[in-house]
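*Asks:* In case you want the letters, here they are:
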Amino acid sequence: MNPIMDIAPQLARGLSITLTILVASALFAYLMAFIAGLCSLSKNILIRKITGLYVEIFRGTSLIVQLFWLVYAIPILFGLSLASNWVIGVMAIGLNYGAYLSEVVRSSILAVAPGQFEAAIALNMSSFQRMRLVIFPQAVRMMLPEFGNYTIQMLKGTALVSLIGLNDVLYFGNILRSSNLSYGPLIYIMVLVFYFILALPLIFLTRKAEKVAKKGVASS
Amino acid sequence: MTEPIVRYQNVHKSFGDVEVLKGIDLDIYPAEKIAIIGPSGSGKTTIIRMLMTLEEPTSGDIIVDGTNLWKMEKDEKMVKANEKHLRSVRGDIGMVFQHFNLFPHMTILENCMTAPIHVKGEDKKEVEQRSIEMLERVGLGDKIHNYPSQLSGGQKQRVAMARALVMRPKIMLFDEVTSALDPELVGEVLEVIRDIAKNDDMAMVLVTHEMDFALDIADKVLFLDEGVIAEQGTASDIIEHSQNERLQEFLSRFRA
Amino acid sequence: MNTNYWSWDRLTEAFPFVLEGIGMTIAVTFATFLFALIFGFVWLFLRRIPNRSLNWFVTWIMEFIRSTPPLVQLFFLYFAWPVIPYVGVTLSAFTCAVVGLGIHFSTYIGEIYRSGIESVEKGQWEAATALNFSIRDKWLKIILPQAIPPTIPMLGNYFIILFKEVPITSTIGVQGILYMANTFGARNWAYIEALTIVGLILLALSYPSALCIRKLEVKMNTRFNNNANKKTNKGVTSQ
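Chains as they are written, first to last, in my numbering: chain L, 534 to 753; chain Y, 625 to 880; chain Z, 157 to 395.
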């Protein structure tokens, strides 16, 4: 029998974990990115400092360390086994990439040409309206390619959750290899192909976003 | 005589250590057309940017329709105006910029409609109709669904004027609106300004280098030099009777 | 999971133990970066070959390496490579780390090289030709002196990113700081303290470096005023 046809369904068993972790952590990261990105532009110095601390800590250390750390810290902080490892995986990836993406949000907002801001004032928009109607729609277009790139990074990052016992694609790959050592190369190549297939739509979306970002934006 | 709609009272403005405006006193009356001329760097643009609340005066007062623009009363003291106060006062002021500053993510029609709908809370249908009329007036009735990136500089600037006009301001500010245009596109923009000046009863303040045009349409011309209003009067006063040497030199350089 | 409280004593105990791994972590980082710098040229040259299908192929190979988890790539080299017939040899954990992460990062480095060369304006090439420079002089005297400086902050950024990626090599047994922390944790049931130390060490090394790079970036941008930075600094990050 064709070994590829044997291996593929085994690996596919891990798809649901890989995908749910990716989707949940990406959404969480986007949320954190906008919260932290906007907070870093706040007039309140305390809010800026706290945001800066979050961003620098998560950008200054490694995802794998944050993941392990949360596995042990959450029971201490919030009581034993309050959060499943799935939740911890989502938290770690989301917090880590949320920190990176918050810089994208911040810099994109700052990159909108000052003239846009002035035109909005001349039309007597409130600060909220300026943000919602003028600055944000343009900043988001600029952010899209980086959001795409970082989502691919997040997909790569999900492989780490196999290390905390979650049954993702890599986990099933490891299990298969341990019982069929000679198929190891094929198994890992196929694991890589699985991840690449998941990455493909993200790659194309990112390329498309790069085109969108070039249009409809007045950047300084 | 009617009350002025805007009064500048001893307004100073510094950027860092450089004092650009050294005590400006100026009254703007309803429907008055004022042109501000003068060498570059003399602070012309700063005068109108302060009225649009884009730049805060270092000292002095700007009174709009009887209300102090940059100061407000709080606990019986005059304090720096907050956003809410600025919004309540600048609603009657509109501005057209040197670099158009159209919103690139909106169609031309949307550019015109967004502020009346969101800022003034007007009816969408009514605003749409008015915007289309205004765009037709500036000669762009066939482009309403285009995006700014598809227009020439002159067309963009005409949209910018329509966008400001749809807000029905009592005072319109024009900040060197032809300076960023190719020479062959200047005419079409000036035509629109001339049309507005003739047919609308709003006050207009033009900062411009188009000297002949300015002298032609303005009721009052200000010559700004080294941070003060060095000379003012009607166009004929300025051209024929002024004794100011720097003004004469300036005019001889800019007028054919 | 185990001890569910925090102990400052264990933290001080863990510190010297974890620190023993720092030499290895840094060694792997430098060796891998060097490997990636060299291998980056391979991609650069492969993509400059004027053959469309080869170009397409190389581009997608790079995309494949870049878009799949480095952790799996390490596992492939460490666990699976030895059983491949004919070419398979057992590789040390260190070699796997350097080659695996090195190839992964070389795909980014290759792009940086490319952006550096592309950042040199077309007019510069034309001027060099017009002045009748030899090919060698054209590169050495005109193109490279302009292409290299703007890439330096970008390369610096990737060095830091790589440094934060190196801890994943503990999974194949490279005895860096994370490996030491896990060992300490297993022996003393004190993971949280040991992992905190790892985080602090990473932060203490990466944060000041990142600040330096940011300064350098600003300096370069004002001096060369090109936008190569923006174009290819695609978000690769540590995991």
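Since the hints were derived computationally from the structure, they do not count as laboratory data.
Hints are not guaranteed to be accurate.
One side only, chain Y facing chain L, incomplete, derived with CB under 8 Å [as the list claims (entries may be wrong)]:
#, residue
1, His723
2, Ile756
3, Arg870
Take a look, some chain L residues computed to stay more than 10 Å from chain Y by CB distance [as the list claims (entries may be wrong)]:
#, residue
4, Leu552
5, Ile583
6, Pro608
7, Lys744
Even glycine gets a Cβ: it sits at the ideal position worked out from N, Cα and C.
*Asks:* Decide, hint by hint, whether the structure agrees.
*Replies:* Hint by hint, here is what the structure shows:
no.	hint	in the structure
1	His723	5 Å, holds
2	Ile756	18 Å, violated
3	Arg870	31 Å, violated
4	Leu552	32 Å, holds
5	Ile583	24 Å, holds
6	Pro608	46 Å, holds
7	Lys744	14 Å, holds
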